[in-house]
Structures are given as structure tokens and as C-alpha cells.
Amino acid sequence: MLTRTCLLLFFPLYLLARPVPQDADTLYATASLKADFHFLKQRLKKLHPALYRYTSKKEMKVFLDSLEKVITHPMTQQAFLSHISLLNEKIRDGHTMFLPGKAAINFNRIQGKFLPLQVFPDSGQLYILANYSGNDSLHAGDEILAINHQSAREVLTQLIRRMVRDGSNQTYPIWILRHYFSAYYSFTFGQPTEFLLTVRDTSGVISTHTVAAVSSEKIRASHSSAGITLAAFPSKPTAAMLTVPTFDSSLLAARYHQDFNTTIDSFFHLIQQRGIKDLVLDLRNNQGGDFAPGRYLLGYLLKQPSVWLYNGKKKEMITPVSGHFTGRLFVLVNGGTFSSAAIVSACLEKNTAAIFAGEETGGNTYIISGNPFEFTLPNTGIQCFISTTNYIINPYGSNSGHGLIPEFVVPVHMQYMLMTNDPMLRFLEWLLDADLDYRKHYS
0 MLTRTCLLLF FPLYLLARPV PQDADTLYAT ASLKADFHFL KQRLKKLHPA
50 LYRYTSKKEM KVFLDSLEKV ITHPMTQQAF LSHISLLNEK IRDGHTMFLP
100 GKAAINFNRI QGKFLPLQVF PDSGQLYILA NYSGNDSLHA GDEILAINHQ
150 SAREVLTQLI RRMVRDGSNQ TYPIWILRHY FSAYYSFTFG QPTEFLLTVR
200 DTSGVISTHT VAAVSSEKIR ASHSSAGITL AAFPSKPTAA MLTVPTFDSS
250 LLAARYHQDF NTTIDSFFHL IQQRGIKDLV LDLRNNQGGD FAPGRYLLGY
300 LLKQPSVWLY NGKKKEMITP VSGHFTGRLF VLVNGGTFSS AAIVSACLEK
350 NTAAIFAGEE TGGNTYIISG NPFEFTLPNT GIQCFISTTN YIINPYGSNS
400 GHGLIPEFVV PVHMQYMLMT NDPMLRFLEW LLDADLDYRK HYS
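Counting from 0, one number per residue, gives the positions in the sequence shown under numbering that gives the first Met the number 0.
If you are wondering where the hints come from, they were derived from the structure by calculation, not from laboratory data. As the structure is a prediction and not an experimental result, all values here were calculated from the model.
Once the Cα atoms are required to be at most 30 Å apart in a straight line, the calculated DSBU-like pairs of lysine-lysine come out as: (1) LYS40 x LYS56; (2) LYS101 x LYS68; (3) LYS313 x LYS349; (4) LYS312 x LYS45; (5) LYS56 x LYS312; (6) LYS314 x LYS302.
Here are the in silico distance ranges between beta carbons for each label pair: (7) SER202 x THR71: 45 to 51 Å; (8) THR237 x LEU195: 51 to 57 Å; (9) SER136 x PRO422: 25 to 31 Å; (10) HIS37 x GLY322: 53 to 59 Å; (11) LYS60 x VAL408: 35 to 41 Å.
Every residue, glycine too, gets a C-beta built ideally from N, C-alpha and C.
Using the sequences plus the hints, can you model the full thing?
Next comes the structure, spelled out in C-alpha cells:
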């Protein structure tokens, strides 16, 4: 598996082990923190195959030294995690990450205290998307100006600095915060028992509110229970949308009770049977998972043999299967299109006439690192995942540090989130009717 999907980060499956809960207020001695930092630094240098891909060796040394220099007093695990997470801004590898220890996660599950809002970052501002506080004065669409006397802009800046990302990409950090803001706020700023909010409502009135923290169960991100789906467009009988939420086979089986290959086979049989000429592949929010499902899907979408990755044992030629799709292909992507989902997107962009719409993918489309080695820091117990392998996705061209940028950029803003229907669907109706036959010569 290339990555642990981020949708598991907020009280993940590690909880199945049920370790003894750890008090969030436990302080670790300065010497223990320095020892953990030295341990982490040596592991990074030894294991990571591209530690200096985006930050020079000299700059990285200066930064590491600066982080170590300010470890001068005892810290909680949360404070130390916040400190070392600043490395994400320099390493810029979406598969290298640092998470609370298993005992701390279990503590959070039982006794954790979290901001009782689903927060939606948009254009440098924070908005309320959902309210779990019980305070009826807070509404979806209200802008958060400050949290506990800290401006929303400063809160967002500090969080983004600590987010994982591939290269210079910003859509993946924003995507993570749109889904897991309360969790990552706690990783960086701790878990106060209450939050003082300064809010501006949609009519421009500014007010302050004190809301009590809530448990993880109240603000856990909700996910679709539909799994892989094939939906028709009522007004367009020859069009269909195939939504693939994950390439993680285990997650697909456990959560959606679907076998990837069997499900894909059955849906493409229906596509052929119904004479579908326009297929929309929805890879939004698909954070990847296993390589094999992505390759299997490509077998139905490619029109000629194409290379999957360009280095090592993972290099493989994908040949179109019998009954592969031959019509127009549209692909929806966003910041949550990451890891192997971004690789699938890059392969389709390079080898087909697929038309892309949405936002820049969270995953890089030239080269990434993955296959992370998992370990815990010996004193604080913080979980670390460090990539060990480079994967060349596209050997032709230079690495810009960005993901796939769609031909049709359709940003998602707060006002769209307040609408009942997916705004992308309205855009799709136009796209499916558009005269895009000029692209045929690329196929």
C-alpha cells in the first residue's frame, strides 16, 4: 500500500488495539524530548529517499538545528507533535507524517475535547459549515474571525504550515482541514475545555460566543456509505458517472462491503450494455490506497498499452481489457485526489483524451515518495511514518511541485457548500453538452 488514507487520521483503526489511555497533560522532560528529536532526525536522514527534494541539504540542516535549539523546556506530547510537524513544510512529502501516539489517540476517543464545529477554509478565511455546539446563534455560512483570541488567519497559517503535502501543493492541506479541522486544531493548539469565538454572520453582524468543547463522536467527519457507484444522468441517457471513493481494497471491503475488481467489472458491463458514450469518472476525495485497483480501473479506460510508473518493481505495462470504454471520458478531481488516485489521474492525462475538471489534485503527477516505514518515538510515543521509496510517475518534463491542474478549474467556495446540490453537477451538464470533439485527435 502506498499510503495510509487520511480519512483514518481522525481516531483511526489503530484504536482497535485499545492501548491504555494516556493523560493529555503528561509532561516530558527536556532531555527526553531532545532524545526523541535526535532519534527522528537520524531516521529521516537514513530512511527518506528524497529529504532534500524541495529543501536543500544546507537549508534542511539549518531548520533542523533551529527546531532542536528551542527544545528548552518540558512539553506535552501534543506540544511536541506541533513542534516537529513544522518539518512537513520543509519535507513536503504527503506520505511522511507525524501523528499522536496510539495511547493519546485512545485518550482523545474517550476524553478528548474538540472544537464543536465543522470548519471550511476558503480563500484564507474560515467559515462554519456545521455546528455541533448546541448554540443556535451559530449558523452555516458564518465567518469565524477569531478562536480563543487568535485571528482566524493566524490559526489557518499555523495549521497549514504543519500539514502534509506533495511539493508546493496547497489544495491537499486545505482539503484535510475541510474534513478534519477540529482534530488538527487540537494537534496544534491543544484541547481547551471551551472556545471563545468571534463570528461575523451573513448579514455582517459581529458577535462573540463561548462554546464548550465536545467529544470526538460529535464532530467526527461523515463519509458516504455508498462506496463505488454508477449513476445515470436523467436528462442524458447516454451519460453516466462512476464514483470511486478509494483505491484501498481493505477499506472498501470493510466499510462498503465491495470487492473492487468485481464491482468495476459489473459496472463496466452495465456501461457497455446501456450504450454509454460519455463517462464521468469522479475521483474527488479519493486519497488512493493500493496500486492494484488503480491499474485494474485503467484497464477499462485506456485505449492503448500504457506504462504504470517508470521505475523499479512497480513499473508495469497496462493493456486495455476486452470491453474497455471507448467513448468520451471526463474526470473530476480535487485536493483530496491523492497518492494512487493522483497517479491514475496522471496516467489518464498522459495517455488518453480525458477532460479534467475540478481543482488541482493533492498528489504530485511527476514523482512522489511512499511505502512509509512506521515507528514510534521512544519517549513521547508519537507515531512517525517516513517514506522509503521514490515513484516516478512521469519521466518526461520537470517536477513543478504541483498536482494535475484540470483543464476546467472549478473551485469550491463556501457559498457553493450551502447549496443543496453538488455545484459540479451543474457544471457537468454544460460540459457534457459542450463541443469538445476537437480533442479527438489526441486519443
